[in-house]
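> Guided by the hints, dock chain B onto chain A, whose structure is given.
Chains A and B supply the protein sequences, listed in that same order. Position one of the first sequence corresponds to residue 1 (the numbering used here), numbered consecutively onward. Position one of the second sequence corresponds to residue 1001 (the numbering used here), numbered consecutively onward.
It is worth saying that the hints were derived from the structure and are not from the lab. Model, not experiment: these values are computed from the prediction. From the three backbone atoms N, C-alpha and C, an ideal C-beta is built for every residue, glycine too. Be careful, since some hints might not be right.
[To be verified] If we take Cβ atoms under 7 angstroms as the criterion, some of the chain A residues that face chain B in the derived model are:
#1 Ile35
#2 Ala39
#3 Met42
#4 Gly57
#5 Arg128
#6 Val153
#7 Tyr161
[Claimed, not checked] Sample of chain A residues with no beta-carbon within 10 angstroms of chain B, all distances over it, derived:
#8 Leu2
#9 Ala12
#10 Ser43
#11 Arg63
#12 Ser99
#13 Leu113
#14 Arg119
#15 Arg120
#16 Asp124
#17 Thr137
#18 Trp158
#19 Ala160
Residues per chain, in single letters:
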Amino acid sequence: MLNMVDVSQWLASTSISVVIADQGWIIPMVQSVHILAIAIVMSSIGMLNLRLAGLIGCEQSVRQAAAQFFPWIWWALPVLLLTGIVMILGEPERELLNSYFRYKMLMLVAVLLLTLPLRRLLEDQPFRDLPVAKRETVRAIALVSLLLWLSIVFCGRWIAYA
Amino acid sequence: MSLSDALSWLEARPFAVAIAESDWLFPAIEVVHVVAITLVVGSIAMLDLRLLGVSRRGQGVTELADNTLPWTWTCFCLALVSGFLMFSSAAVRYFGNTPFRMKMLLLLAAGINMAVFHITAYRGVARWEHQLPPPIAARIAGGLSLLLWIGVVFFGRWIGFVDRY
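If we strip away everything but chain B, and leave its shape as in the complex, we get:
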């Protein structure tokens, strides 16, 4: 089965068709998606700014992470599910949409950045979590994460403005 076959199959699913044909279902799902994204980006930004040593400098990194990450992950799952539902309603069109592709690329990059950071510098966080300025690896991870997630928001917004019909 080719990719375009798979996408066509997806958007033909009853749930996807229901979303595409309903007046209010897509907007309602989109609102959930937007609220979830604001909480994901906002909570990640708090941690990133701490990793950069720009704000909450008096607070240890692990304590802030413990407070924010559960919410980040919960809202990310919400954003993922709502995003998938919207994507399904017009899978072929969205897949070909350039801002959508860029958004997915940036999400992947943000995930890789986070994974690399966790496997490397974050392992020894107990040693440097109160150090100011934070070590260079933390600052790079935080700065990169912030830029990538801002990019996700911009490209996400652009999806609706490109190839409207």
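Same shape as in the complex, but just chain A:
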């Protein structure tokens, strides 16, 4: 099992880590980009959920809504990953030794495993043609994913305070 204390100490000693930590503007800049990418994910998931619940945008089909929102989520994820990596490289102990960071990563894996299969399902066929049980399952998964993303954002901010 990886010893996170050793890993973070080693990371902190690398030259890239020193550079990021020394240049005071890099971390806030990267955090801001991270926040903007979160904004894209949160609002896309939020809008998709509202559409699935039939509360908004019923002029377009679920299929069309999914086709519109999923690409944004898809592109935001690598941005989140890259900015996240830079933040870890710059302040390894802050993340790697923090319980809230770990909760965040666990929930992230969970939400990705839950939601990515949905994309195929929603884009392949009209939502209304699915059996009722399946539609309800999709709606439930969508809601759970929204709650997970909210928790991820919460834990992300709480890293600074834990």
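The following block gives chain B in isolation, referenced to the frame of chain A:
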């Protein structure tokens, strides 16, 4: 009463003192603020990108606006209240904080941009809402709004990094 008197008075209010002295109250309020901001910026960005003619080109502007703006306004109110609570806990310090001032300026500019757009070009939206590319006034309003709100996020993040003690 001078401005600095008013700020000192504000941060001496019991609720403001409670937030300043609590371990968890400020972080909790901040989390609400951050979540609210991501939803404000995300939903505004959808509309701005449509005004720019960059995305959701097949959808009419009013339909998208009807779907997004209620959420934008709700989350903006949440962000405003949570922001005010945080500000109150150290009103004098925040007021003097340069990134905070810039953030407020950009918010004001974003509000003015939106108001001007609504009073002018948006009046005739029924005429141009399916036109591609959208009219120049819409594209300017959308582009400006996007830039201003990105700036709000950047300066907002910077507040915590400047004059830390």
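> Each hint: holds or not?
Status of the hints after comparison with the structure:
no.	hint	in the structure
1	Ile35	holds (5 angstroms)
2	Ala39	holds (4 angstroms)
3	Met42	holds (5 angstroms)
4	Gly57	holds (5 angstroms)
5	Arg128	violated (19 angstroms)
6	Val153	holds (6 angstroms)
7	Tyr161	holds (4 angstroms)
8	Leu2	holds (29 angstroms)
9	Ala12	holds (20 angstroms)
10	Ser43	violated (3 angstroms)
11	Arg63	holds (13 angstroms)
12	Ser99	holds (15 angstroms)
13	Leu113	holds (23 angstroms)
14	Arg119	holds (18 angstroms)
15	Arg120	holds (22 angstroms)
16	Asp124	holds (20 angstroms)
17	Thr137	holds (25 angstroms)
18	Trp158	violated (7 angstroms)
19	Ala160	violated (8 angstroms)
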